[in-house]
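Asker: Residue numbers (our numbering), protein chains in the order written: chain A, 1 to 229; chain B, 1001 to 1302.
DEER-style ranges, computed between Cβ atoms:
| id | chain 1 | residue 1 | chain 2 | residue 2 | range |
| --- | --- | --- | --- | --- | --- |
| 1 | B | Leu1018 | A | Arg186 | 42 to 52 Å |
| 2 | B | Val1026 | A | Pro12 | 36 to 46 Å |
| 3 | B | Ala1253 | A | Gly94 | 41 to 51 Å |
| 4 | A | Gly64 | B | Ala1213 | 21 to 31 Å |
| 5 | A | Gly167 | B | Leu1018 | 32 to 42 Å |
| 6 | B | Arg1015 | A | Asp66 | 36 to 46 Å |
| 7 | B | Ile1187 | A | Gly94 | 38 to 48 Å |
| 8 | B | Ala1213 | A | Pro171 | 25 to 35 Å |
| 9 | A | Gly94 | B | Val1026 | 27 to 37 Å |
| 10 | B | Leu1018 | A | Asp182 | 46 to 56 Å |
| 11 | A | Gly39 | B | Ala1213 | 17 to 27 Å |
The hints are simulated quantities; they were obtained by calculation from the structure and are not laboratory data.
Cβ coordinates follow ideal geometry from the N, Cα and C atoms, glycine included.
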Amino acid sequence: MIHFESVTKTYPNQSRPALESVDLDVEKGEFVFLVGPSGSGKSTFLRLILREERPTDGRIYVAGRDLARLTTWKVPQLRRRIGCVFQDFRLLPGKNVYQNVAFALEVIGKPRRFIRKVVPEVIDLVGLEGKGDRMPDELSGGEQQRVAMARAFVNRPMILLADEPTGNIDPATSIGIMKVLDRINRTGTTVMMATHDAAIVDSMRKRVIELEYGKVVRDQSRGVYGQAY
Amino acid sequence: MRAQFIFGEVWVGLRRNLTMTVALIVVVAISLSLLGTGLLVVKQVNHTRSLWQSKVELSIFLCDNNPLSTQCTKSGPATNVQTAQIQATLKKLPQVVSVTYKTQAENLAQFRKEFAYDPIFVNSVQPGDIPASFQVKLRNAQADAGPVTAAVTGMAGVDSVGNDSTILTNFYRLLDGARNAVIVVAIILIVAAILLVANTIRLSAFNRRRETAIMRLVGASNFYVQLPFLVEGMIAGLFGWLVAVGLLVGAKAGLDGFQSYFPFRAQLSVSDLVEVVLVTMVLGLLLCGGTSFLTLRRFLRV
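Next up, chain A with everything else stripped away, as it sits in the complex (with noise of 0.2 Å):
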């Protein structure tokens, strides 16, 4: 689902890259914590997924495709099979919890008819059955973050990337969150969660790929957060 071949990225006016030769595979519905501190290439790891970013060097295969040779204008169709989810949310405030969940699949030319199906269900399946007229504000974090992995998951995404989901919500909450994502993984979706909470990591017991300056440091199946190596 997911391929890295010694991929390295260095961004313009850095010395260090910001990735160093990473080669790396993630089956189809496999969930995957990728853990390592602040600086280590998480996100760049993600941005270039999404192909926000170009590697400098190396090749990457999502979902069968070679980032390399894919145009600029079919990036959207590359878009459309991965989900996201941040650790600020990124809902839209002047639309209730429905229409930001609609948003996603009104602007991909879904028709009306689908979007009245599938909307509700997604809804109902991160545990928010009831609140779809509810506005952002009215939401607490645990809630907001629902309404982001509903939009990420509305489209039913090959592959689900999340950023810290976690990292703006206390841990009881974090757990209903896990829960989700869970849920998520178990319908075939590819999930890849990048974090630094120990805690979801260790109870989970799921592959945990470690990053320190830009290199692979630790790839376990059943892994811990901080175990050391």
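Starting from the known structure of chain A, arrange chain B on it as the hints suggest.
Answerer: The following block gives chain B in isolation, referenced to the frame of chain A:
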């Protein structure tokens, strides 16, 4: 669905920076109407020129009982022999297309007809005030007037030579000057309009950066992300054009009114106006659409 979504976005965009939108409409309206006026004046000048050019003649007035020149005072009215000689000289000149002899009575009748709208002027001219003449059509009204005038001036029986095109030349110069001034101002305003369109679209893109960021993230195509902004610019341009149409109709009425000062009316037709209006519409849409498109390419890249 798609259309409804796009127009919803456009409406939000136009409403959120209303002041910029209004400024844009005003500037587009003024620059388009000035440019259109310039085009109308160009048409008017060409129209007038071709209409008048066919009527421009050299008038060789013959000596009569109350002549202008001292030569005629000395020699008296032109004799039949002198008249025949002048006609023969004129016909031999290569620049001359045709020579027509007009008697005093014919010239008076034509004068009365052309100035019929001014009875006081007509009544002040008595029979015998206007001399007989040769009306000479030239191959080239501008270039040939000099040599032909030189050839007959001083011949016995010739009182004076009148050239219609000297009057017209000054008039054309005035019209050309007015046209150039209008077009220069229009071009300056079009540059201003382009900058305003670019700025409005930038502001609009900035106002909606959250929406566009999410659109890009969920895989909306470039077309979908940019179309609302493009339509926004075009709609502002279209409103500006509508205002300009009103101003252009006024400008044509002004040009028509101007014509009443001249004996030969050369009014522009409605189809001339429609043509100019269509040209300004295409130009306005290109201006707004093109500028929006280029601005978006810089500020809304995937």
